[in-house]
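A.B. asks: Residue numbers (UniProt numbering), protein chains in the order written: chain X, 1 to 659; chain E, 1 to 659.
FYI, nobody ran anything at the bench for these hints, they're computed from the structure.
Since no wrong hints were added, every one of them can be taken at face value.
Identical copies carry no separate label here, and so any pair may be met within one copy or between two of them.
Below, computed lysine to any residue pairings styled on SDA-like, alpha-carbon distance capped at 25 Å:
1) Lys91 with Ala24
2) Lys186 with Ala390
3) Lys91 with Phe644
4) Lys186 with Val213
5) Lys91 with Ala270
6) Lys351 with Glu95
7) Lys174 with Ala138
8) Lys351 with Ala257
9) Lys186 with Ala393
10) Lys186 with Asp209
11) Lys351 with Glu500
12) Lys48 with Thr228
13) Lys186 with Arg251
14) Lys351 with Ala24
Here the structure is a predicted model, which is why all the values come from computation and not from measurement.
Protein chains: 2
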Amino acid sequence: MHAVEPRQLANAIRFLSLDTIVHAAEGHQGVPLGMAEIATALFTRHLKFNPADPTWPDRDRFVLSNGHGSMLLYSLLHLTGYDKISLEQVKSFRELGSHCAGHPEFEPACGIEVTTGPLGQGIANAFGMAVAEAYLNARFGAGLVDHCTWAFVGDGCLQEGLGQEMISLAGHLKLGKLILFWDDNKITDDGSTDLSISEDVAARFRVADWHVVEVDGHDIDAVSAAITLARQDPRPSLIACRTVIGRGIPRVQGQRAGHSARLYPEDAQATRELLGWPHAPFEIPADILGAWRAAGRRSAADYSAWQTRLAALPAAERAEFERVQAGELPTGWREVLTDYRRKAAADTEPKPGIFASAEINDLLVGVLPERIVGCADLEAPTSHKRGLAAFTAEDRGGAYVHCGVREHLMGAMANGIAAHGGAIPLAVTYLAFSDYERPAMRMAALMGLPVKFVFSHDSIGVGKNGPTHQPVEILASLRAMPNMLVMRPADAVEAAECWEVALELRRTPASLIFARQALPTLRTTHSADNRSRRGAYVLAEAEGGARAVTLLATGSEVQLAVEARRLLQAEGIPTAVVSMPCWELFEAQDAGYRSAVLGEGCVRVGVEAAMRFGWDAWLGPRGGFVGMAGFGASGPYEQLYAHFGITPANIVAEAKRYL
Amino acid sequence: MHAVEPRQLANAIRFLSLDTIVHAAEGHQGVPLGMAEIATALFTRHLKFNPADPTWPDRDRFVLSNGHGSMLLYSLLHLTGYDKISLEQVKSFRELGSHCAGHPEFEPACGIEVTTGPLGQGIANAFGMAVAEAYLNARFGAGLVDHCTWAFVGDGCLQEGLGQEMISLAGHLKLGKLILFWDDNKITDDGSTDLSISEDVAARFRVADWHVVEVDGHDIDAVSAAITLARQDPRPSLIACRTVIGRGIPRVQGQRAGHSARLYPEDAQATRELLGWPHAPFEIPADILGAWRAAGRRSAADYSAWQTRLAALPAAERAEFERVQAGELPTGWREVLTDYRRKAAADTEPKPGIFASAEINDLLVGVLPERIVGCADLEAPTSHKRGLAAFTAEDRGGAYVHCGVREHLMGAMANGIAAHGGAIPLAVTYLAFSDYERPAMRMAALMGLPVKFVFSHDSIGVGKNGPTHQPVEILASLRAMPNMLVMRPADAVEAAECWEVALELRRTPASLIFARQALPTLRTTHSADNRSRRGAYVLAEAEGGARAVTLLATGSEVQLAVEARRLLQAEGIPTAVVSMPCWELFEAQDAGYRSAVLGEGCVRVGVEAAMRFGWDAWLGPRGGFVGMAGFGASGPYEQLYAHFGITPANIVAEAKRYL
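Please work from the sequences and hints to get the whole structure.
C.D. replies: Now the structure itself:
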């Protein structure tokens, strides 16, 4: 086969993308046509990958952070030979059920490393992948883990605060194998970038100690040379590529319409004429396709050498590597939690809710070395650092990432770590600031990444710091999110049970939510089974007759329900207390169990220091609620509970209202 | 009275703050003791303010963005003579009901310009205040509006993405009257800033075209000279102040514990000895207090000159200024909306939901010149720019702020504009990205700022862009938030009704949520009264007998309920359709109205292309739901509705299930 001109390789991306977008009558041509040469340089000369084994652990990771340019990715996957991205699949772009969705949807088996679209998320995920790589490289050695993380990024991702947080921390941590390609096309969906930005983006990266190379993004050799420089530099690199948006389409290139304006067959034809591409729509000449397929085999030697190294490892070492890659838990972890539960049941000393989580995680340090803990400005009050060294520019073996006051980056980093594989990410901060992290939490839920989002300071129990720091609506807002387990344990025993369930999750993130204030032990008898696993259970059954009242509570309010039950029983009213650490798990139980726990025909009262929103699903026709009706206030927390009427006496009164 | 040494003025702040924090046994000493000299320079030599008239429209705005240092603000307010911040109030710091809450809570009458605490919000609010000032300055002239906006800021605010978004856009817009004081103390709550940042913060500001002055933050004269330079420079200014956290407390100054570690009377005593302050706790010598009170009168001449200028204005001009300052609406605005409603009812052409909002806002351009519209990367698809010029560095008369892809900043800017007064802010973006803006939305709700948050692309109706862009949980998450009206109109008539209600709000923000896809007109008969005002109403009553079924729907799904009703009625099942554009308004109606609308004893079916979460409050014991059970998918939207079973046929089936 004669040598194919590199520009024809780029044009293959260009026309496959263009034909598909015209066919779909919708799409974003700006990126695939503007970054075709950049992608050609990366995928044909540098990327370490194997389309025949898309999830090869030591592959380079490629993230299309400007996810609206999804056709660029699908073109590359098809051209380089990913089985699942056949030409038929490409043609089904944006149709229901296609692998080629409007935005890339996480599907590693297809070569889609992460879901992108919401701007800023992709580069922050890439940052997390680079953290995971560095950690695993330190843990298992460069023979098993030694790869780059590449991301394509547009202006939008860099305007987002999330992107800015990433720039700052990646430079600080000197993540030298993280390399971004900036599609500097001077255009956003809103028009010229001049409308909203005038800073020198490259200089901004340099301030954060990034290595920056500026190149013509349509010069394949120049981009390739820049990549070589970037790989050599110990700092993370920005390859700033000057590009023309939608390059090649005469009517829209370099203009706002180049982003995503509707294209027609005439546009495709005009582009063919301009670029000298005489082939029919969707026709890729055999020599060009062959060259692309050869690029897809470019890492064959690396791949087999890696397999050889893996096979040569001592059995235990290999098994450990394969275990963490598979996301499997080691032996012994469950016993650690069971043992903790047993001791916690016997411990009568109240302790801050979050400290139980800290203690549990401290016990896991030796058992689960694949845990990576990110924390946003909160080491002291939550203590999830115990027993861990910091992950720094100098020490990649540390498993604790000081994220600074950057909650959003922390969440997206955790997603990137989870998507990378080989590590279990935790992200720890105050519940009130989960809103800062929420867009990343949504992505975790959407992708089904088993990130553990850990929160402290979960209610008015925060006290004097006041309403800004007191969640009242946040439990509901998280419960509303699909595929997110929201867990709010009542004591240290439930904390261990919830951690046990959370660690077992493979395709679902969990929010583990703890009180700042001290909580008494309510589960004072050790039970062999994990009672939180069913989401809700009868903590104390009604006595002296058929159940008249069920008090349903979570977290720090379960103790109030227990006290209210005592008062009601003393008046001869048979009352049960149901602890509900996780609504989603309870909802998944069979109707019989749910009905038995909730109690039929009785009064039900929900008790939670939060808004009622969502509770009615559990309360039935004679349902009351004791909780918050608005934001909190600044004051000693015991006074706040009284002030807002979240007391045993009011629970009793609410129950009687419906009796 | 002999001259008081400036350092004694600073020490008055220091000891009043310290004594209070020791008294409260909790607080954050780092900021008040570390920024005492900076505050002294600003408040005694530069700030334009009048404690006797705290809400003087042309006062300088002062924002304590590092809100945990609240005692600094309370000390300043007390010392300069704000009536409501008496010594008794100061002593009640962090007690329930005090003006001196754990974090500053919005109360302009006390001199508290904005609620701060969640990091990054304060400086972004300050940015919004500076935008409002520039706009009002252009509109009313420098004789009425010509003031600075000052903000104190710590490392946390600058690490937050929100802070970074602010730096970028403030530099771009050349907001020269925005001046920040950075408390560069090298310490966060987590320890040294070196743990999480190594970039040159001053250089990062310079890249964004800020003017930067670096000074010793404990040298009052140097800070004052820097302020003079900052005021002269046409760019926004950062005064980078090198400080010692908790300065003066021997045990903790300059250390992590300087941030907020518990202090004891011995600490206060040791500080007295170190700094030579022989006075008893809470005792401020008369000469020092006198000098502070004199500082509180420093703008007396400016104040009276301003009043004179206001009084000298032509009556109409003065009335207009006073109207917008009071937040009152002009005559004629309601008629514009009523007229739109009348025409919309007669318009049978379906139109994209968001276009109705765009048309309404276009009509308001001439009527409500106090509207300032911020938009994040979305001008084209929502068209809320129509009729407006851009607010730029060169043209302050434009009322449309191109926010770039910075949703969070947009929301916080809107809060700052609302807190400033004299303008009505709108913030427009996609509903899927409201999560990025959510922390600012929470602050609007908490402060009771009447911001209009406008969202498009509200459901799976977004279609092929896929699940990242399709809200399913976001309606619920916003409805869970206290003091936020969530409005989802079903057609252009309801859109105008909801806008009418939203514009009337004085102490409540609203989220106005619109579909991207075309919606038919359902309210084809003009009604004199605004039916959306009650939150929900019977759009079509059951016929042919007592109501057997109530279909409850919002937004784009009301049309499906109407069609389902037709099918049910055709089978002889008397069925009503209730449109529920705003749950919060409906909840505020009397029980009789609610009961009549919902229907008692009948089957109720909720219909919304979103999660069921929250709906059970309306559905009663025989309640069904047709909507989403998880995230969306990429595909043509009509197919998605069928795929997820949100169809008239399924609504009929769901109703029959409970009949």
